[in-house]
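Number of protein chains: 6
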Amino acid sequence: MALFDFPLHELRTYHLDRPEPAGFDDFWSGTLASARRAALPPKLAEVGTPLKGVTTRDVTFTGYAGQPIRAWLNRPSTADGPLPVAVEFIGYGGGRGLPIDWLTWTSAGYAHLVMDTRGQGGGWRGGDTPDPDDHGAGPSTPGFLTRGVLAPETFYYRRLITDAARAVETATELPGVDASRLVVTGKSQGGALALAAAGLVPELVSAVVAGVPFLCDIQRAVTITDSFPYAEVVRFLRANPQLAQRTLDTLDHVDAVHFARRITAPSILSAALMDDVCPPSGVFAAYNAIDAQKEIEVYPWDDHAGGRSFFDTTALEFVEDRLS
Amino acid sequence: MALFDFPLHELRTYHLDRPEPAGFDDFWSGTLASARRAALPPKLAEVGTPLKGVTTRDVTFTGYAGQPIRAWLNRPSTADGPLPVAVEFIGYGGGRGLPIDWLTWTSAGYAHLVMDTRGQGGGWRGGDTPDPDDHGAGPSTPGFLTRGVLAPETFYYRRLITDAARAVETATELPGVDASRLVVTGKSQGGALALAAAGLVPELVSAVVAGVPFLCDIQRAVTITDSFPYAEVVRFLRANPQLAQRTLDTLDHVDAVHFARRITAPSILSAALMDDVCPPSGVFAAYNAIDAQKEIEVYPWDDHAGGRSFFDTTALEFVEDRLS
Amino acid sequence: MALFDFPLHELRTYHLDRPEPAGFDDFWSGTLASARRAALPPKLAEVGTPLKGVTTRDVTFTGYAGQPIRAWLNRPSTADGPLPVAVEFIGYGGGRGLPIDWLTWTSAGYAHLVMDTRGQGGGWRGGDTPDPDDHGAGPSTPGFLTRGVLAPETFYYRRLITDAARAVETATELPGVDASRLVVTGKSQGGALALAAAGLVPELVSAVVAGVPFLCDIQRAVTITDSFPYAEVVRFLRANPQLAQRTLDTLDHVDAVHFARRITAPSILSAALMDDVCPPSGVFAAYNAIDAQKEIEVYPWDDHAGGRSFFDTTALEFVEDRLS
Amino acid sequence: MALFDFPLHELRTYHLDRPEPAGFDDFWSGTLASARRAALPPKLAEVGTPLKGVTTRDVTFTGYAGQPIRAWLNRPSTADGPLPVAVEFIGYGGGRGLPIDWLTWTSAGYAHLVMDTRGQGGGWRGGDTPDPDDHGAGPSTPGFLTRGVLAPETFYYRRLITDAARAVETATELPGVDASRLVVTGKSQGGALALAAAGLVPELVSAVVAGVPFLCDIQRAVTITDSFPYAEVVRFLRANPQLAQRTLDTLDHVDAVHFARRITAPSILSAALMDDVCPPSGVFAAYNAIDAQKEIEVYPWDDHAGGRSFFDTTALEFVEDRLS
Amino acid sequence: MALFDFPLHELRTYHLDRPEPAGFDDFWSGTLASARRAALPPKLAEVGTPLKGVTTRDVTFTGYAGQPIRAWLNRPSTADGPLPVAVEFIGYGGGRGLPIDWLTWTSAGYAHLVMDTRGQGGGWRGGDTPDPDDHGAGPSTPGFLTRGVLAPETFYYRRLITDAARAVETATELPGVDASRLVVTGKSQGGALALAAAGLVPELVSAVVAGVPFLCDIQRAVTITDSFPYAEVVRFLRANPQLAQRTLDTLDHVDAVHFARRITAPSILSAALMDDVCPPSGVFAAYNAIDAQKEIEVYPWDDHAGGRSFFDTTALEFVEDRLS
Amino acid sequence: MALFDFPLHELRTYHLDRPEPAGFDDFWSGTLASARRAALPPKLAEVGTPLKGVTTRDVTFTGYAGQPIRAWLNRPSTADGPLPVAVEFIGYGGGRGLPIDWLTWTSAGYAHLVMDTRGQGGGWRGGDTPDPDDHGAGPSTPGFLTRGVLAPETFYYRRLITDAARAVETATELPGVDASRLVVTGKSQGGALALAAAGLVPELVSAVVAGVPFLCDIQRAVTITDSFPYAEVVRFLRANPQLAQRTLDTLDHVDAVHFARRITAPSILSAALMDDVCPPSGVFAAYNAIDAQKEIEVYPWDDHAGGRSFFDTTALEFVEDRLS
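Protein sequences appear in the order of chains V, L, A, P, X and H. Sequential numbering from 1 applies to the first sequence in UniProt numbering. Sequential numbering from 1 applies to the second sequence in UniProt numbering. Sequential numbering from 1 applies to the third sequence in UniProt numbering. Sequential numbering from 1 applies to the fourth sequence in UniProt numbering. Sequential numbering from 1 applies to the fifth sequence in UniProt numbering. Sequential numbering from 1 applies to the sixth sequence in UniProt numbering.
So that you can see chain V by itself, here it is in the shape it has in the complex (with noise of 0.2 Å):
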């Protein structure tokens, strides 16, 4: 994969020129105003595992509409005393798998609350959250970017963006955290959901980092990559064209650059500029939308892969700085 996008001296003030959707903040406000209504407090049980220095808390807290959502929460199994806490959520497809799976921000001092992903985690790493989808939203393409696409309301985004949130509203309430040092993380549609937390809670999250995110600029994504997740929404519009504008309104809704808008807290992004699955405009798009303390890494030579551990290694630093 070459360069593919806009060359990096524009992508550095590529600006979406698309406001919000209209009743946009309505929207993401009554519904996380549901959730909260039918919140419960989340669960935890002691899970073992062969990890001497990790101590393993399976969660189950309530997400959209008061739906139970799982996660671990790893914890220094040494540390006494609060702790600063990661929020991380995951890359598209992948649930939370095992504990084993999760071990840098515990192994950086931190709680980790590592949500799973609704009805995710049946393609590279197993999950344990269903998505009960009461609506029965519609014929999609395989996939979860056009699951109820029809309406903001009924798209399984909307779900999983709210899942989201109260996965940083449940961290502040967690035993031994510290919820004055509150990261949301993640990558591709981990970064995406990082994003749309630190915009819908801002007041809640201390730093924010986002790799190579998803849903950003998704208007102009569809257009200019073969790669899925993104076809799946050009073959959905394949076979229902005139369901386009619907479609293409409805994404609109959980696309990540609007949420970056509210975001007031530190951000680091990465970007990665031959990357055919989160094209680079759309990582700009929304990095040049926050208007917070912010710096973006870019990986000149990298895919999707987005410059795995070296942007894990400097983001942690930039985390700590931004924390103590």
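It is worth saying that the hints were derived from the structure and are not from the lab. None of these values were measured; they are calculated from a predicted model. Heads up, a few of these hints could be off.
Each pair may be met inside one copy or between any two copies, as identical chains are not told apart.
Computed cross-link-like contacts, SDA-like style, restricted to lysine to any residue with a CA-CA straight-line distance of at most 25 Å [said to hold, decoys possible]:
| # | residue 1 | residue 2 |
| --- | --- | --- |
| 1 | Lys294 | Pro241 |
| 2 | Lys294 | Asp252 |
| 3 | Lys52 | Ser324 |
| 4 | Lys43 | Leu83 |
| 5 | Lys294 | His15 |
| 6 | Lys52 | Asp321 |
| 7 | Lys43 | Pro82 |
| 8 | Lys294 | Ser77 |
| 9 | Lys52 | Ser180 |
| 10 | Lys52 | Asp80 |
| 11 | Lys294 | Arg261 |
| 12 | Lys294 | Ala38 |
| 13 | Lys294 | Phe6 |
| 14 | Lys52 | Gly176 |
| 15 | Lys294 | Gln242 |
| 16 | Lys52 | Gly81 |
| 17 | Lys52 | Glu295 |
| 18 | Lys52 | Ala79 |
| 19 | Lys294 | His253 |
| 20 | Lys43 | Ala79 |
| 21 | Lys52 | Leu83 |
| 22 | Lys294 | Pro41 |
| 23 | Lys52 | Arg322 |
| 24 | Lys294 | Arg235 |
| 25 | Lys52 | Ser206 |
| 26 | Lys52 | Asp226 |
| 27 | Lys52 | Asp178 |
Based on the hints, put chains L, A, P, X and H in the right spot on chain V.
For chains L, A, P, X and H alone, kept in the frame of chain V given last:
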């Protein structure tokens, strides 16, 4: 794709050596009974098309758990009096599309009920029927083959097969139809549904046409082909290896070979010897399980196209001979 | 396949800046005159099918140089009196197949003449018409786009386009046809033939339906797409670089844009913005060259499928409006 | 490509169990007799090249039905007196290209007649010989393996094999050639032609070099490989399943194994065990059918490259030993 | 990828029938002796990371011929006193990357020595260790599997395996390590190195963890898979067929099955039945050769991912049970 | 592959705007001086081949740092007296193969020295020359483009280019050679070496033939193509992003455009407009940098094949005109 399954002379005598799952009969009779209890009369609405020779109605009938299922009912516009009726099921991923997509059986003088496929229709031909899933059945590989697969009760294909049986029951109640001449027909997933419906409501079915049917000897298929949709199961079990036995057990509850054993109507199937999507061993396992008048068309050079309109022509002739 | 040709607003005004080749008119009028001199009356033979609603005849008419060309003539079996007639041309590689393959226009109340494609029909739908080539026109890339391409006189498409014009002439002479209501129609290669026939015998054509037509602005197309069939030209010129000018000159003699300029009948075309087989710039070049009542359906998300039955439905309505 | 055909020890004893088609001898002797009746003396024209060490003539001789066939005749420019002569046939798709493409045999001290391949030369190396086909033999898959395949009389390879035998006859008449030392040689399609020519005019051939020959045990090959050109047959039979028996019967008339049985000259062949283009079972079937002094070079790791210049070197040594 | 190697019940009893190469013992004991003679004490340098829970040292020890080899040594930062130690080897192509890439064993309470792979680390995770090759061992296929393959003495894997044995020896000398509890571990190439080290210095190794190990029954593997890295051997032998015997002989000197026979420590391996990179027959050949307490985890649905963190978890538990 | 680089009219005037790296002259003159100091007289050994018209010698000369480099020296066997000599360099991955692989220049009356490529020859044509690397230059992507790339001093291509210059010097000393008529020639990597040698020892070179040369404007090439070998750099920088600047700096030391500026001999190059392996912008950057009599052959339809024997023929004529 070269020949890759058993050679033809072994296919001729290939039988599934597995009995049906314990409780198979009760499972399906209970499911159908529930659907019937929740059933409402079908609703029909006129649809305008540029096809002067065809009268189209948009049908909504009740399928699994009384949920609404859409269908097209096409009839030759010049026909008076009751007509034989063909109930058609659709291949994986597609929905009922447009009335103009379905002209073969009306051109042959049949009423033609084309059942939409719940949740599908986002991939290559549009659909209009949601898949309400109050269970929130858990993570799945994108696609439908693992949706709710952890128990027969929650599995997607329980709902879809019930829809198919209900479509047959509905067809017998439609105006202008001669219910004593009812054909079930389909290709690939549609062929599997035709076999399943013919096994579930054998007393209503006069003839069966199943081209390269899917869902036959699933346990073998998932080990010999790399192609989708069977590959969805493999991906799911990679992500969730601990769920293999439960998954295979559930899949066995919808294996069309078990339905084939219950078929009493004259049946014609097609198998393609280079078909890696629906391997011919499965087709022969189903065919060899049928204890009724039967024929199988073997296409030695075909992949999953499976004879296309050659088979359509042969099948129409087969049905004509049996119904008259 | 993402968007890859000009953006839509540029397509809207894209014109071929090349005039037609010198002698273009004489070349085609001479060719047609020869074909007419060698013409014999069409022969029709009844064909039995399982389609009660359709009467099928196997037609043999004379095309280029009086050579015999096969076709199917389908009619609604219940129709009396003269019917409007649709003359259909087929996409690249396929032949006329079976009568059951062609039910749209009869279902809409038309007589339907489906012209077989000489020499084709060995790739994906069978054919019955040889391509006698007494010239022995010289080496060619496998496929048809370079067969005899070293001179307009020997080029395969000279023969095929002449067949198409002769098919229109034949259609006017068939029994039970209302020659004042004649549609030419086709997709891809079939769309190119529809445009060509409509430009060659404009006085006989009442409406034109050309879906994602092939052979439009060929000189641009061969430099922007890697996909077959245009790639046949590239491969041929790789093997024979010294023949480039002659090859491009010959191809220009069959460029459908030059025929489009001669069309007088109401015309509807489709273009797909992700179509790398027949790039949309060519389609718009043809559309913009038509000096008659016209519409273009643009499918922003489609590849070469180009709207499929959505376009069929729209086109039938367009034609119905124009012919009545 | 891993090993995919029989293991080597089975290949060593693999025989075609099919006899030659009825009338095989008459078919070919009749065809050759016609070609000889129509034959004209070869025409030779000097060709200038930048190769000082090679004298090149452009040869036109008469092949099938007296049709003109082009060839290059290269000779070492310093040689006096009659030279042994190698008649070379070309792999599928390529033409005779340029004189500079053919330097091996002249460098080894031979006169070298390189026969152009009628109709080919549009794909990867240019050609100059048309394939006049007055039959207009009917639809075919793009490519040459199904051109006219519905009867042995009209099949493309009837014409091409006749050209090959005529090239050998022509070579014996060329000036400066020692006809008592004549080699036929080629790879892939060229190897098949070498075997065929050596079987048709065995009295003129002193040695045979056939690298990974094509057209050997065709009936098996088309069922075990997905690769072109054999896949042309599969595609043709998919489109035209009713023609399978006729097609296979015709192909059997050009199966090189039947020609191999008639070979009397010392022969060297190569087989490659990972060759999915010309599977080794076919090569061994041909080799095991030869009743003459013979050797086979087996390249266990090669795909269709089949030993390349290793085999060239070995073959030149084999021939040198036999001719001197 | 479907199942493609032996069925599981045959794998269970599959043994390599080849003895080890003559002189195998002397070859390796001599090589190790030389390395030890050239050995220097390891050098350790503190490395700063953002991981508060982990102390990282950059280790340089001496491997083959006393050449410097880099490694990371991670320890839980809160641990006092000697810890059990895991020596990890890395999969093909990757280097030691960053300290943050290696957190599993420290989280489980181990000191963790991650050996860099000489010359590798240019493909997917960076490395820091050159592969000084004073031999200039000759042409090779890009990659490492044929580097110096013409003699065991010059072969790349002689050097790398010696590094691995030396890493084990080094680990026993590190401060804060309980050398009586030493695990060797790795996946793919890392698994092969774990087996090799455990066979070369069995007295130092307390447990072996080898996931889907590479380099097992190499002579079979190169004939049954098309996938890299084994395909490097095939390509090399295509280019140099005369070197096949020497190449295979050299490869046999590093076949992990021969090392497996020498293992005395409790061992756990994983095999994946759809793994075409390291076919399961090789894994079972190694497993069945081990004469010690042992377990094998079979992942029926996995490709080369081979159980991933499921296996990690199981392996940690296996090791914990054996070391305590 | 469609056109993908600049359009032809922009290529015509495309110049590299980067000056050569600081110290470029000293770097290369120092390297060459060292090689000359270590030089030994070439060794020649007779080699038997079945080619009567060619005399072959196996040459060993000293290249970089006095290391032994193999070559073939072919001569027309009938030639007396001194001949003009062509020094040929080989494309990426291949070695010198067999004497029979190199017949063009001897057939044209030249002595022909074919330099083996150190370390290569394991991929598609065998080689015989090791690449002794006493530096152990560090991890690299498989392939040669990043071997030792962290400094110009340790870079693989420093050694290879020095070999090339030394091959030219060697050629002038060979018996039977007219050193005043010396051509350097090659394609792809061979073309780059021809340009480099002609720039390094311009006083020895009478003509330059460089087909689709590699290593031209490397910094642009690695951002516009996904194809190997340039993709090796991208993969390396993905794994090691911190090394980007050093890597690009090193690569700039072997960029053939900088050598092209030093060329004084008449030169002919070829560029192919659909060449994604060696993009035409690089070729034109080199061509436009040459300040000598020059021609460029443009193949508009070619991929990396780049004119093949059409260019060979043209180039031989160009050279003949210049040398006589």
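Consistency of the hints with the structure:
| no. | hint | verdict |
| --- | --- | --- |
| 1 | Lys294 / Pro241 | between (39 Å within a copy, 21 Å between copies) |
| 2 | Lys294 / Asp252 | within (24 Å within a copy, 34 Å between copies) |
| 3 | Lys52 / Ser324 | between (27 Å within a copy, 13 Å between copies) |
| 4 | Lys43 / Leu83 | within (19 Å within a copy, 35 Å between copies) |
| 5 | Lys294 / His15 | within (16 Å within a copy, 38 Å between copies) |
| 6 | Lys52 / Asp321 | between (29 Å within a copy, 14 Å between copies) |
| 7 | Lys43 / Pro82 | within (19 Å within a copy, 37 Å between copies) |
| 8 | Lys294 / Ser77 | neither (32 Å within a copy, 31 Å between copies) |
| 9 | Lys52 / Ser180 | between (28 Å within a copy, 19 Å between copies) |
| 10 | Lys52 / Asp80 | both (15 Å within a copy, 14 Å between copies) |
| 11 | Lys294 / Arg261 | within (12 Å within a copy, 45 Å between copies) |
| 12 | Lys294 / Ala38 | neither (35 Å within a copy, 51 Å between copies) |
| 13 | Lys294 / Phe6 | within (21 Å within a copy, 36 Å between copies) |
| 14 | Lys52 / Gly176 | both (19 Å within a copy, 18 Å between copies) |
| 15 | Lys294 / Gln242 | between (40 Å within a copy, 21 Å between copies) |
| 16 | Lys52 / Gly81 | both (18 Å within a copy, 15 Å between copies) |
| 17 | Lys52 / Glu295 | between (36 Å within a copy, 23 Å between copies) |
| 18 | Lys52 / Ala79 | both (12 Å within a copy, 11 Å between copies) |
| 19 | Lys294 / His253 | within (24 Å within a copy, 37 Å between copies) |
| 20 | Lys43 / Ala79 | within (21 Å within a copy, 31 Å between copies) |
| 21 | Lys52 / Leu83 | both (18 Å within a copy, 12 Å between copies) |
| 22 | Lys294 / Pro41 | neither (34 Å within a copy, 45 Å between copies) |
| 23 | Lys52 / Arg322 | between (30 Å within a copy, 16 Å between copies) |
| 24 | Lys294 / Arg235 | neither (36 Å within a copy, 29 Å between copies) |
| 25 | Lys52 / Ser206 | between (29 Å within a copy, 19 Å between copies) |
| 26 | Lys52 / Asp226 | neither (44 Å within a copy, 40 Å between copies) |
| 27 | Lys52 / Asp178 | both (23 Å within a copy, 17 Å between copies) |
Hint violations for this structure: numbers 8, 12, 22, 24 and 26, all remaining hints satisfied.
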